[in-house]
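> Going down the list, the sequences are from chains G, H and W.
If you use the numbering used here, the first sequence corresponds to residues 1 to 337, in order.
If you use the numbering used here, the second sequence corresponds to residues 1 to 337, in order.
If you use the numbering used here, the third sequence corresponds to residues 1 to 337, in order.
A few of these clues could be false.
[Unchecked claim] Derived coverage of chain G by chain W (criterion: at least 3 residues anywhere in the stretch with Cβ under 8 Å from a Cβ of chain W; other residues may be distant):
id, region
1, 65-73
2, 162-170
3, 243-250
4, 257-270
5, 277-288
[Stated by the list, open to error] Result set (DMTMM-like, lysine to aspartate or glutamate): computed pairs, CA atoms no more than 20 Å apart in a straight line:
id, chain 1, residue 1, chain 2, residue 2
6, W, 98, W, 163
7, H, 57, W, 308
8, G, 205, W, 106
9, H, 57, W, 64
10, G, 205, W, 90
[Claimed, not checked] If you anchor each label on the Cβ, the simulated ranges turn out as follows:
id, chain 1, residue 1, chain 2, residue 2, range
11, W, 110, G, 290, 37 to 45 Å
12, G, 122, H, 272, 13 to 21 Å
13, G, 306, H, 200, 29 to 37 Å
14, W, 43, H, 44, 31 to 39 Å
15, H, 10, G, 112, 48 to 56 Å
16, H, 126, W, 8, 50 to 58 Å
17, G, 32, H, 126, 43 to 51 Å
18, W, 10, H, 57, 51 to 59 Å
19, G, 63, H, 325, 43 to 51 Å
20, G, 306, W, 59, 17 to 25 Å
21, G, 112, H, 272, 53 to 61 Å
22, H, 200, W, 124, 52 to 60 Å
23, W, 43, G, 106, 50 to 58 Å
Read the hints as simulated data drawn from the structure, not as lab findings.
As the structure is a computational prediction, the values presented were derived from the model and not from experiment.
Even for Gly, the Cβ is constructed at its ideal location relative to N, Cα and C.
This is what each chain is made of:
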Amino acid sequence: MVDTRFFINKGSLTVAKIAEICSAELQTSAMADEVINDINTMFDAKKGEVCFFYDRKKKAQGAEIKATACVTTADLAQFVADGVAILTTDDPKLAALKLNEAMYAEKRPSAGVAETAVIDPTAEIGEGCAIADYAVIGANVKIGKNTIVEPFAVVSEGCVIGDNCRLGAHCCIAYTIMGNNCYIYNGARIGQDGFGFQTINGVHKRIPQLGRVIMGNDIEVGSCSCIDRGALGDTIIGDGCRVDNLVQIAHNDKMGRGCVIVSQTGIAGSCTFGDYVVCGGQSGFADHLNVGSGAQVAAQSGVMRDIEPGTVVMGSPSVPFKDFMRQVSFLQRNSKK
Amino acid sequence: MVDTRFFINKGSLTVAKIAEICSAELQTSAMADEVINDINTMFDAKKGEVCFFYDRKKKAQGAEIKATACVTTADLAQFVADGVAILTTDDPKLAALKLNEAMYAEKRPSAGVAETAVIDPTAEIGEGCAIADYAVIGANVKIGKNTIVEPFAVVSEGCVIGDNCRLGAHCCIAYTIMGNNCYIYNGARIGQDGFGFQTINGVHKRIPQLGRVIMGNDIEVGSCSCIDRGALGDTIIGDGCRVDNLVQIAHNDKMGRGCVIVSQTGIAGSCTFGDYVVCGGQSGFADHLNVGSGAQVAAQSGVMRDIEPGTVVMGSPSVPFKDFMRQVSFLQRNSKK
Amino acid sequence: MVDTRFFINKGSLTVAKIAEICSAELQTSAMADEVINDINTMFDAKKGEVCFFYDRKKKAQGAEIKATACVTTADLAQFVADGVAILTTDDPKLAALKLNEAMYAEKRPSAGVAETAVIDPTAEIGEGCAIADYAVIGANVKIGKNTIVEPFAVVSEGCVIGDNCRLGAHCCIAYTIMGNNCYIYNGARIGQDGFGFQTINGVHKRIPQLGRVIMGNDIEVGSCSCIDRGALGDTIIGDGCRVDNLVQIAHNDKMGRGCVIVSQTGIAGSCTFGDYVVCGGQSGFADHLNVGSGAQVAAQSGVMRDIEPGTVVMGSPSVPFKDFMRQVSFLQRNSKK
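All chains should be built: construct the whole structure from the sequences, respecting the hints.
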């Protein structure tokens, strides 16, 4: 049951229509005209609702499904309770995504500029933007079309923001050039000084940080994540990257396309990542590392050396996955003697 | 010495009165009428002040106590300097808590709504609330009685907040139903989208996050901590949970009552915790885990499997505490050969 | 190339002048009058630009330098491409710092108080301060001269802030006495309650936190970092400390001078650090530890015991650096058998 205080229900759908949206095959054609009003989990769904069932470990619970319809795989369909309309597809997760979008919309602020927003007269704001109460937009900022700026967001002097972006509440964007379709979550900090200083006679003297943050298109940056600007040259985040909450990306890091950086990961300065690198939660990277495309770094790993493309590593210091598993099993076997 | 620029001193107390407040026994009855003006640490307390002494490791320093009165245990009383009024109790920490509350109050904003607060006309604000400058409260929000909303807090459309809550400066509350007596610290982020996407032909497509965050009563959420809302179904935080600063709680996590989540812990999605689970600082949890009631997870542990109730685990990957200690000692012994 | 949308170029310099600024020796005196307009990396610098070359691992790329001038060491000078003006110095990094400052300035808000700032009438603001839009400054706050307060910063009742400080956007400062020349980054949280409670019959009862945060001079605190105030007595940050982003410093921690705390480090309560302690990223400290001056704690270490001055430790639980390396190599050798 989706709470309509928070989301907009676009209206009911027949089981047949759901099959179409989900690119699924309706196995129980007699139920094609049954009406579905809502989406729910396989445990909570009731009459009038559709659920999704794709976790093999839950197959015993398939018999307890009380939904009117269930989207599942051909393989799992046999476990679904009698009387439930069955829709089969190779990819129920993708089907769920499509149906979510078809049945519900998130609320979106209407275009316009709130009276309490402080926008420098030299800033350029594109058509269709929604600038919320108490947004602060500095001199010479350029914002594209249909971008949403939420309350208390700060976009500092000179920044360029693309079309269809969403800058969350309390985020800070400074020294940054950002592409289109980027979603910056509440409280993310982008473009502040990197952690650079030189210690001269016991005094840590700050090195002026003269670079920028360059962000491509279709990027998400999670809540309270920090991306520092370059010291000289830029910090670069490639198209399609997904950065979770509470992540640290230091000065002059360069991410390729589609990297996935899970929560609380920390990447020291001047690292270069290829495309589609995956960093598990709380993983850490020393500075100046090269991480090849498609590399996967397990949660809590501590990476101290370059990683070849496509490699899976784990541990602190990180080693290839198989080596890590051997170390773990060696320790378990031998320490009990 | 408590700084009265920041806290309200409620006035002096006699040693006898302090004994009463602390449920302590006054061993030096001749000093019952001595006046105490302040609380201080055992190292810094001077004449006219009371201190607390309960750390056995500090017993040698008992002789240097200069306070007028000292609350301690029957056991440690012998180590206190001569001339100090001695009050004994089984639980000096609890006594300290009680005396803190009796001698000092935190300053509290007075009820009322600041002129610069932006409150949607459809929002309902209970009696006695203090809504600070530049708070933003969205459409159809309901806030109970005597709740404090600090500057720049954002409570988004549809949220329900209970009585006697405190929403810290710069916090964001969205898609959330919150009980009574909850204290959200500055800059906490509650209810944003979980980190959910599906990768289709190399594109990470965001899965609409249609759930909520459901919070019970008497919960604290620390500064810059993030609690994502459910993808479908809810993220749930049980009554009495204590969440420290910079913690990540992902979509669809479910915490029982009284869990204690120390700073920088990260919990991946769809974990289910029982009651009174304790997570040490920087511990991490893989997704979809069950963690039984009373389980204790040491700092920096990396939990990859379910944990039975009452178990103590440590290490990354985590193992039972005794096994971890055996591994550590095995490594120390053997690596030096 | 430094982006002048963000930074102020102070004007061109001759190679001779750059040698003077950098305290470097010009090896190619025929080029003393060549004009330099910009600073760039050794890979991107073009004619009219100066670059710095000090990384031995990059010596093969020295031949590809296209800059007009290159600041390097006597040792690396031989690898620089022909036709480039060569300036040698023992410390090219320091030279870069000096030249950065000579060629560029960061933009600085002009002094004055924005109309939308909310400043309590009892607050005292020194000469030359720049108080931005929507700053909130509480009762009896004292702020020194030439301090910058950025948008949405909150300085709560009773705080004292020194001269020449910079309080970043969305930061919160409460229960704090701060010296001069401190730079608090966007979204840092200073002075909130520590994570202190006592569990009485299953109820976690908050212990009133009656201490403060005392900060010396010349301190930096990174974005989204949290420094909790003392429970009784103070949390103390010594002169010259550098705290990176997303760091947790708990109640009653005491740092000496010049400590360097890298991103995502977590320090539990009541630890005492000497001077110039270095904490690598994601390192963690149990409570009540003493860490001696000059100790170095490697990234991701988990410190459970006191550390002697000058010691280097690593691992979780942390051990002396050599022991850690032995453990790693023992495990690697033996687990593959």
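> The structure should be examined with respect to each hint, and the outcome stated for every one.
So, going through the hints one by one against the coordinates:
Three residues within the 8 Å Cβ limit are the bar, and the region 65-73 of chain G against chain W gives 0, so the coverage statement is violated. Coverage of the region 162-170 of chain G by chain W is violated in this model, with 1 residues showing a Cβ closer than 8 Å to a Cβ of that chain against a need of three. Check result for the region 243-250 of chain G against chain W: holds, 3 residues qualifying (beta carbon to beta carbon below 8 Å, three or more required). Only when three residues or more bring their CB closer than 8 Å to a CB of chain W does the claim for the region 257-270 of chain G stand; here the count is 3, and the claim holds.
Using a Cβ-Cβ cut-off of 8 Å, 3 residues of the region 277-288 of chain G lie near chain W, which meets the minimum of three, so the contact claim holds. With a C-alpha separation of about 24 Å, the suggested pair residue 98 (chain W) and residue 163 (chain W) falls outside the 20 Å cut-off, and the hint is violated. Under the criterion of a C-alpha separation no larger than 20 Å, the hint pairing residue 57 (chain H) with residue 308 (chain W) is consistent with the structure, at around 19 Å. With a CA separation close to 16 Å, the supplied pair residue 205 (chain G) and residue 106 (chain W) stays within the 20 Å bound.
Under the criterion of a C-alpha separation no larger than 20 Å, the hint pairing residue 57 (chain H) with residue 64 (chain W) is inconsistent with the structure, at around 64 Å. Between residue 205 (chain G) and residue 90 (chain W) the alpha-carbon distance is near 18 Å, which keeps this suggested pair within the 20 Å criterion. For residue 110 (chain W) paired with residue 290 (chain G), a C-beta distance near 44 Å keeps the hint of 37 to 45 Å intact. Between residue 122 (chain G) and residue 272 (chain H) the beta carbon distance is about 53 Å. The supplied range of 13 to 21 Å is therefore violated.
With their beta carbons about 30 Å apart, residue 306 (chain G) and residue 200 (chain H) fall inside the hinted range of 29 to 37 Å. In this structure the hint that residue 43 (chain W) and residue 44 (chain H) lie 31 to 39 Å apart at CB is violated, the actual value being about 56 Å. Taking 48 to 56 Å as the suggested C-beta distance range, the pair residue 10 (chain H) and residue 112 (chain G) conforms, at roughly 50 Å. About 51 Å separates the C-beta atoms of residue 126 (chain H) and residue 8 (chain W), a value consistent with the hinted range of 50 to 58 Å.
The hinted window of 43 to 51 Å between residue 32 (chain G) and residue 126 (chain H) holds, with their beta carbons roughly 49 Å apart. The hinted window of 51 to 59 Å between residue 10 (chain W) and residue 57 (chain H) holds, with their beta carbons roughly 58 Å apart. Take residue 63 (chain G) and residue 325 (chain H): their Cβ atoms lie about 45 Å apart, and the range 43 to 51 Å holds. Between residue 306 (chain G) and residue 59 (chain W) the CB atoms are about 18 Å apart, so this pair conforms to the stated range of 17 to 25 Å.
Taken as a hint, the range 53 to 61 Å is violated for the pair residue 112 (chain G) and residue 272 (chain H), whose Cβ atoms sit roughly 43 Å apart. At roughly 59 Å, the beta-carbon separation of residue 200 (chain H) and residue 124 (chain W) lies within the given 52 to 60 Å, and the hint holds. Separation of residue 43 (chain W) from residue 106 (chain G) is about 43 Å and departs from the stated range, judged on CB atoms against 50 to 58 Å.
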